[in-house]
Structure formats: structure tokens, C-alpha cells
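Participant: Sequence:
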Amino acid sequence: MRFLMMHRIDENDPQAWNPSPEFMQKMGGFIQESAEKGILITAEGVHKSDKGALVRKPRGAAIRVTDGPFAEAKEVIGGFALINAADQAEAVEFAKRYVELFDLEIEVEVRQVVEFDDLPAHD
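Using UniProt numbering, the letters of the sequence shown map in sequence onto residues 1 to 123.
None of these hints come from the bench; they were simulated from the model.
One or more hints might be untrue.
Computed cross-link-like contacts, DMTMM-like style, restricted to lysine to aspartate or glutamate with a CA-CA straight-line distance of at most 20 Å [to be verified]: (1) K48 <-> D103; (2) K26 <-> E93; (3) K57 <-> D67; (4) K48 <-> E72; (5) K74 <-> E93; (6) K74 <-> D10; (7) K74 <-> E33; (8) K96 <-> E33; (9) K48 <-> E90; (10) K74 <-> E11; (11) K74 <-> E90; (12) K51 <-> E33; (13) K57 <-> E33; (14) K37 <-> D50.
Across the chosen pairs, the derived CB separations fall in these ranges [what the hints assert, rightly or not]: (15) Q88 <-> T42: 15 to 23 Å; (16) G28 <-> K57: 35 to 43 Å; (17) G60 <-> S20: 46 to 54 Å; (18) K37 <-> G60: 45 to 53 Å; (19) R64 <-> N84: 18 to 26 Å; (20) D50 <-> P21: 23 to 31 Å; (21) G60 <-> V92: 31 to 39 Å; (22) F80 <-> G29: 41 to 49 Å; (23) V55 <-> L119: 36 to 44 Å; (24) D67 <-> E90: 35 to 43 Å; (25) V92 <-> D67: 31 to 39 Å.
Built from N, CA and C at the ideal position, the CB exists for glycine as well.
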């Protein structure tokens with residue numbers, strides 16, 4: 001099964017956007033090890049929200065685009081990883097190892113990816 005992990009960090013924490021060389025080395029080793037074991041499919045960090053946009057389509061209304069930064073959000077997505085895991089428990093264990101790499105407050109949402117075979121059959 002594939003799982004998407006999205007990590008959220010404090011937009012205003014300078015450490016979140018300026019990783020130390022030590023952190024980069026730890027993360028690089030973790031990524032390499034996880035990829036070699038066939039767990040990690042891909043992982044990326046993202047820029048601060050001032051380089052982003054929100055696209056919203058309210059029901060029955062016109063599409064709205066809001067450029068970042070997103071003043072209403074203290075925590076923002078800082079990156080994501082797509083992994084292979086046998087089940088949610090294994091994905092959560094991987095997420096625990098991932099968050100241990102950080103020296104700042106971090107939250108990781110773990111969600112199973114919908115596969116074609118998960119969809120109901122239609123005649």
C-alpha cells in the first residue's frame with residue numbers, strides 16, 4: 001500500500017526554513033536508507049507559503065485564488081513523502097522515525113493513497 005505523509009511546521013520558526021548541515025546529513029542518510037529498502041518512493045520539502053497560492057472553489061461559486069503567505073495559518077505544509085508500507089501501522093512507525101529527525105515542533109499526517117482497486121466497481 002502507498003501512504004502519503006505531509007508534514008506541517010510553524011511558518012514563523014526560522015529553523016524550519018534554514019536546516020543545519022547536521023540535519024541535512026541526518027535526513028539525507030534516512031532518505032537514502034529508506035529508498036534502498038524500497039519504503040520511500042519520493043520525498044520533498046516545499047518553500048514557505050509566500051511562494052505559494054491557495055485555489056478554492058466553493059460550492060456553487062467562482063474559483064478564488066489567494067496568494068501566500070497565508071496569514072490565517074500558523075502551521076503550513078513543509079514537505080511530503082510518498083512511501084510503501086504493508087499497512088497503516090507500518091506507515092505510522094515510519095512517520096515516527098521521520099519526526100525524530102527534527103529538532104523542532106512538527107506534525108505529520110499519514111494518509112493511505114486510494115488505488116484503482118479500492119474504488120467500487122461500476123457496470
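Participant: Of all the hints given earlier, name the ones this structure violates by number, lowest first.
Facilitator: 5, 7, 9, 11, 12, 13, 14, 19, 22, 23
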